[in-house]
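4 protein chains.
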Amino acid sequence: MRPSPALVVLSLAASSLVASPVLSSLGAQSTPTERAAAAQVLTEIDALQARIAPAPLARRMAERADADRDRVLARVESYWTGGMQGLSDWIGRHPEVGFKEVLAVDTLTKVLRAAGFRVDTGVAGLHTAFVARWDSPAGTNGPTLGLIGEYDALRGTQGDFHGDQHNAQSPVAIAAALALKDYMTEKRVPGRIAIYGTPGEEVDPPAKTIMWRAGVFKGADILVRSHSTTRTTRARAGFGVCCLNINSVKYVFKGRPSHQMSSWNGRNALEAAVMFYTAVDRLRPSFRPEASIQGIIPEGGAAPNVVPDRARVEYYIRYPDEIYLAHIDSMMANAARGAALAMGVEVEIEHVGEYRDGISLGSLEELQFAYARKLGAPKLVDEAERPSGYEESGWVSREIPGVGVRVASSEHANHTYEMTADNFTAMGHTAFLMDAKVEAAVLFDFLTNASFRATVQTEQKTMAALFDRYVAGLREAYAPELKP
Amino acid sequence: MRPSPALVVLSLAASSLVASPVLSSLGAQSTPTERAAAAQVLTEIDALQARIAPAPLARRMAERADADRDRVLARVESYWTGGMQGLSDWIGRHPEVGFKEVLAVDTLTKVLRAAGFRVDTGVAGLHTAFVARWDSPAGTNGPTLGLIGEYDALRGTQGDFHGDQHNAQSPVAIAAALALKDYMTEKRVPGRIAIYGTPGEEVDPPAKTIMWRAGVFKGADILVRSHSTTRTTRARAGFGVCCLNINSVKYVFKGRPSHQMSSWNGRNALEAAVMFYTAVDRLRPSFRPEASIQGIIPEGGAAPNVVPDRARVEYYIRYPDEIYLAHIDSMMANAARGAALAMGVEVEIEHVGEYRDGISLGSLEELQFAYARKLGAPKLVDEAERPSGYEESGWVSREIPGVGVRVASSEHANHTYEMTADNFTAMGHTAFLMDAKVEAAVLFDFLTNASFRATVQTEQKTMAALFDRYVAGLREAYAPELKP
Amino acid sequence: MRPSPALVVLSLAASSLVASPVLSSLGAQSTPTERAAAAQVLTEIDALQARIAPAPLARRMAERADADRDRVLARVESYWTGGMQGLSDWIGRHPEVGFKEVLAVDTLTKVLRAAGFRVDTGVAGLHTAFVARWDSPAGTNGPTLGLIGEYDALRGTQGDFHGDQHNAQSPVAIAAALALKDYMTEKRVPGRIAIYGTPGEEVDPPAKTIMWRAGVFKGADILVRSHSTTRTTRARAGFGVCCLNINSVKYVFKGRPSHQMSSWNGRNALEAAVMFYTAVDRLRPSFRPEASIQGIIPEGGAAPNVVPDRARVEYYIRYPDEIYLAHIDSMMANAARGAALAMGVEVEIEHVGEYRDGISLGSLEELQFAYARKLGAPKLVDEAERPSGYEESGWVSREIPGVGVRVASSEHANHTYEMTADNFTAMGHTAFLMDAKVEAAVLFDFLTNASFRATVQTEQKTMAALFDRYVAGLREAYAPELKP
Amino acid sequence: MRPSPALVVLSLAASSLVASPVLSSLGAQSTPTERAAAAQVLTEIDALQARIAPAPLARRMAERADADRDRVLARVESYWTGGMQGLSDWIGRHPEVGFKEVLAVDTLTKVLRAAGFRVDTGVAGLHTAFVARWDSPAGTNGPTLGLIGEYDALRGTQGDFHGDQHNAQSPVAIAAALALKDYMTEKRVPGRIAIYGTPGEEVDPPAKTIMWRAGVFKGADILVRSHSTTRTTRARAGFGVCCLNINSVKYVFKGRPSHQMSSWNGRNALEAAVMFYTAVDRLRPSFRPEASIQGIIPEGGAAPNVVPDRARVEYYIRYPDEIYLAHIDSMMANAARGAALAMGVEVEIEHVGEYRDGISLGSLEELQFAYARKLGAPKLVDEAERPSGYEESGWVSREIPGVGVRVASSEHANHTYEMTADNFTAMGHTAFLMDAKVEAAVLFDFLTNASFRATVQTEQKTMAALFDRYVAGLREAYAPELKP
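Protein chains in written order, with UniProt numbering: chain A, 1 to 484; chain B, 1 to 484; chain C, 1 to 484; chain D, 1 to 484.
Extracted from the complex, chain A is given alone in its bound form (with noise of 0.2 Å):
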């Protein structure tokens, strides 16, 4: 999960709102411009989730007896126990950053490769991603049931830690496959089980954005995952992201050495660097006041006695928006073109992430949450949350239908080593079996229930088109504002 340890002002002010029922599916447009481009689209939302009904129809599929749901559930547990929750445990106690997963990468390989998985790694170019796939021995003429696993861990202080509790998130999907994979050859149901895995969630470049558009997910029907977190929650249907549409950008000035006693000879790349860094310092007043932009110079020359050839700056450029991010990210490439030209330079632009608004499903969403309910799990939260995607980049959600499960799983927060702790104790083992046996329903119930696979298809089709109409909306109520 990215970090988001505050919610801006400017979202604390939209999401008071909400007490409005009429408005109950906004809260993911926070400046005046996306809620009057989004306003129809909006009460489209309502409509379709007036339609749905999604809570009530959750609560009585959640509630019904089904034999065969619950040996899968069953099943779910006794792979957890028998092995799942110690490669956990192994997982949380051999921490690797993002990228550098192998030791991660090799043992859920096996693992897979000895459950009869088919396993491609390296896969859309990166060292540690892989795709397990299954095919039903009852033929493929059924859903592919997909879910993702992460398995990087974050750099601290004091060592490398998991405090994100990505360590989980393989075994439980791969408790919840296996499961599956036992119903669906006992009881020859057709269809694919594909798990994906997907590395440095932590860090840039945002791998989920390089697999989806390697055509990594295409074929998968409903994708799964789980993720630690506090409180036990679902989102509202709608679109939106956690924490702004980001654009993670490189700046890199190439300029001529010379030795500081014939510095003419030179031309400074660091000087470039440092006058487009305070550009965007001097730019902040020609950028609506949501925007949020933060940046680094990490390499700023190597010998102080030589001129430097080479700088790099790097931003995180945030904004509730798309439409308007790229409009920062357009003056800003200005700036930084604008400082090369100053100073004689080189620059080169590198967009290394793009994270971008995805979609949450009403049908998905309350349905792992009536899950969750029923099975117990802590510490609730009555009212939904702001839309947000299943997955960081913003990107698959807007294509796939899936869901985030995300049982309570610590006292504590993200990215502590407080939280790296409860992966080993009874809260986190607990929860991270009901993340697996949540997500092994919810996929039971999609590839069991027709009726219930259309509803999410539809909703799936429909939140797309009308994402599109907000977009199309939004550059219009832009236009005038930002016509050069």
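Because the hints were derived from the structure by calculation, they are not lab data.
Where hints are given, some of them may not hold.
As the list claims (entries may be wrong) - So the derived label-pair ranges between C-beta atoms look like this:
| no. | chain 1 | residue 1 | chain 2 | residue 2 | range |
| --- | --- | --- | --- | --- | --- |
| 1 | C | T458 | A | P378 | 35 to 41 Å |
| 2 | D | A465 | B | K379 | 26 to 32 Å |
| 3 | C | A454 | A | R475 | 54 to 60 Å |
| 4 | B | D468 | D | V381 | 36 to 42 Å |
| 5 | B | T157 | A | R475 | 45 to 51 Å |
| 6 | A | E476 | C | R231 | 25 to 31 Å |
| 7 | B | Y417 | D | V381 | 40 to 46 Å |
| 8 | C | K483 | A | R475 | 29 to 35 Å |
| 9 | A | T81 | C | K483 | 46 to 52 Å |
| 10 | B | A479 | D | Y417 | 28 to 34 Å |
This one's a predicted model, so the numbers in the text were calculated from it and none came from an experiment.
For glycine and all other residues, C-beta sits at the position ideal for the given N, C-alpha and C.
Add chains B, C and D to chain A, keeping to what the hints say.
Coordinates of chains B, C and D only, in the frame set by chain A:
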């Protein structure tokens, strides 16, 4: 005279070299590149001066008996004491700053018209510039003798004042001109006299550059000008300028206003100006250390609650030679364009003034000095000074032979209230009369001595050709460093 | 009226909240911190307003039959048509900008002296400020009725102009005052009348702050002022200001001059100014996003070939509340001191103006609105607007009860040439007369209705105490964030 | 050897002056202030050198017949070919960068211990520094002969390499030392030998400054060191340094971190670093143009979505003399403090290294050159070069007489891979052997010739006193300019 309060370290270092007799023409080339580029040219200047031997020639000419010349000088004295000294005092007591010298120009042109000159005012589009011409009744088949008169005062904290004694220049020139006119009339000497009233010497834009570009000085065969000074001096033959070659440049940034409460609708011209001003500092180590670049922000926004849509930066860019100066100018222009690009505003760059190396002729410099010595001028400086042209813009002296007459007229530095006071004391009055006599004597010799006239013309032509070679040599010497 | 061309995003967000009836007094608190700090206070304001019930009270008072009052209003009309309208036109045609309103003050004080007022001019050290006082022949054992008159014009690109219709304010006040004076004389009503001539509303420094600090308004029991507007409105009871709390600050940097050829002997004040200006941009992300900080460099060096020894930066610093505003102000002062230290120069920081939240009273706001409605004022706005005090500085309204009268007087926005034109049309003339009648009616009721007077005084006292609690609450709320 | 790729314009200008025989000691003073401060001192140096007449003295000494000396030199050769050349090659093939020279130090100290030296390692707190001492069996009532050995390699793009041939220095010193030791033992000559292993010559902090401050060199009566070069040269007697006096300084800024979404809770150390870096550019025209100031930002934030709480700027500050250098250093420290104050962060300033003018002695310089010539050293340069001390820090040579031996050892420039290759060719091997012989010969003469020893000691003492006077003169000369 442009202020030169401190000769730079570099020119001091260079001037120490002149002890070596081989390098007697040096002194104006203050960087290794310039000295290398000038090496062969300097040798040829030395050879030329050796051929002319201007010092002994001048001594012989000044010391010769010549009744006509002596009558002219006596006539100069009677014009001076009979009216011109009073006119000098009057202008001294009615100081008018550059391009506002309406009283001075009214008075001077009245005097000249009364004396039979044809006067054109507003020449070259400058309201307070004029040319007064007189053709000899003996015909115009003779040299045109030119005299330059300035009349602008300085702006001071205690009011405007004639701290550079420009009040005396035109009366001095008129006294000399009238005496020569009388002689040419009486002796039936063909030729012409032209007095150039040149405004605004102390301020930009440089009037003489404008007048030169407009062709105002065309036709003059020689030009003389006097100027206040604390020592009676002469320049060495060569190329140079008192205080480096100068570009005076304005950079006007134009953005879009907006109230501060919606600053994102504006484009801030002041931020661009400040960014550019800062960029010039960032570029300093990218320029050779002999560069002197100083600027101001005379226009930096009107109301603090409105995004400034206009701002202006002005720079004085100085370098010992004009080739590297153009390089600096070009990099600074890119800095201005880069700042505009970065801030989303426009920039207009205007070259307000250009001051360049001028040419000093040994023949004329030594002659004026010999007459000054003969007339008993105080505070003679034995050693010849660095070459610098006889007018501040440099352009005119590259084309027309001429000389600046400088008899010590004050104990106090230029641009002081004390020098102003000496306008009205015996020290000033005596020196101005000597200036007028020296101007008259030099012009008399040029008019009547065909052999000397040929010497001057040959020297000018040769020096101009050598100067072109010097500039071509500089261009070649800098080429590897300045290639993009 | 201070310009408020755009209400910010943030206040829009906040104002959306007012749909909720519980929070009817809100609207002036636009950040979560402020809302938290104000929560209890707002509840008490609501309770206070519920007790007073100002709207029905006002309606009853306005609708009642009262022959004395109606005679006063008739008298207002005869004063207006008999002379004051002409005076308004005359001032409108002789626009004078802030602190230069000598013709207006001459004329107004003559009129007031002729009417029997004692006039003090040059009060509080301001050349064009005055106070005109009149004591009832029935004694001064009654309330002092205060009326504010402004008269400064705007500076425009086509010359100065009365685009804010300040020309009418004093004639309006005089018409009302003279009618009340006649009534008090005839009916032997004790009390006083004071007319405050307040200059320079459109420019800094804020005259009313200066006059308030000098004690000029002491003794007034109530104050009324009229102002041009495009809609007839009233404010909600509460604290607030149209466009954030403001500090207007000058930062003067003083260095040491030197010619550019020996720049190392100078200390560059402009570099320090530019460094400070840039530092403010660097600090922007260190301030909460509701801050609005805009600046200019109105003094940035005199001559481009001299190291500037003096430069000045001016800022308008705005924040929704005065506690965090003081924090920003203090960090900016450190930035100025840091820049001075870095460049080896001195800095002087001068607070030119301080605009603050004022107090709006329900009793007076509703009463003026009820009279405006009764008199047939055009373009009535049903809903009460955000609180903002009756004069732009905020300080006076914290101490003395009062109200701004605002009958729609133009179809065109403030600060436009079109609104200026309406000074002389029926729309303007009619509105100004209504302003005068409303001022007179409100003052009449305050003078003659002891119970209403007590209500107003209690409301003011209570609101002032609540405001103090609000500020104390803010201070406490910010404490953890602002501790060093 | 510190790199000096380009002698500045200014020193070129100065060096042109040396044609004048009167000023033969000049050359190290490159600014007018320095030359003025040095004037009397230089005259006294000239007088001192005239008294000593070191060149003819050296020639006589080198050419004299001396069987003992010649036997020592033969012994040097057999130590060199018998083992030291191989050791030089071995170190050359095992390059270790500064302060990591563990293999070299292990090997060298083993050799020295085996030869009977007492070895202290880790001296002055430096892990790879050592001193090896040997006392004559004839007693210690004689001079202590010091030899310096460096052994650090350069960091290159193709790996570490001995591009400065430091691999040879210690073997050269050991060959000389062992031959002298044999002589002293056989001939019963009292005295001592000390070999100083000095690490990290190519990098900061300067090891010799640290060792000198720790008193490591105390007791040495003379110090010799060899160094690779492309020409066989000697220095003029005087004070100076190859590439200006240097302060190497680190500025560490410390703020408060915060996530970008609540950046106002942070205090940005990178902004302060960038502000300081920019301020140094702003200050450039406030420093004399001979200053050379170059910097980097090697630490500029860790994560782009977090307000950086730490940033570091490093500068190499150079000026021809140490007094003005201190002035620049002090203004830059204020700039750092000002930036910290402005941004609300802390700054720590650490002086990592200080390089200063050293002292060259005519007696020792001429003697080593005379021996090099006698031994047939290649590429002799006739004219003496500018004074610069025999070790790079300057501090040691101010206190202890010494000389750098420099026989041309490569056709290729220092710090090149080509010079590295010459470590292993006949050119390198022959030159290193000559270095060893010259070291031995100089030390032999110092040891055995009491009159020469007295000459050296007197010259050192006199020069040190003159240096103090020079510095005092500088301080006085700058006083008016540098007073606050």
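Here's how the hints hold up against the structure:
Distance hint check for C/T458 and A/P378: the Cβ-Cβ separation is about 53 Å, which falls outside the suggested range of 35 to 41 Å. Distance hint for D/A465 and B/K379: a CB-CB separation of about 42 Å, inconsistent with the stated range 26 to 32 Å. Range check, C/A454 to A/R475: about 59 Å between beta-carbon atoms, so the 54 to 60 Å window is met. The given range of 36 to 42 Å is respected by B/D468 and D/V381, whose C-beta atoms sit roughly 39 Å from each other.
Taking 45 to 51 Å as the suggested C-beta distance range, the pair B/T157 and A/R475 does not conform, at roughly 59 Å. Restraint check, A/E476 to C/R231: a C-beta distance of roughly 30 Å satisfies the suggested window 25 to 31 Å. Against the hinted window of 40 to 46 Å, the Cβ-Cβ separation of B/Y417 and D/V381 comes to about 57 Å, which falls outside the hint. For the pair C/K483 and A/R475, the beta carbons lie near 44 Å from each other, so the given range of 29 to 35 Å is not met.
At roughly 50 Å, the beta carbons of A/T81 and C/K483 sit within the given window of 46 to 52 Å. Checked against the hint of 28 to 34 Å, the pair B/A479 and D/Y417 passes, with Cβ atoms roughly 30 Å apart.
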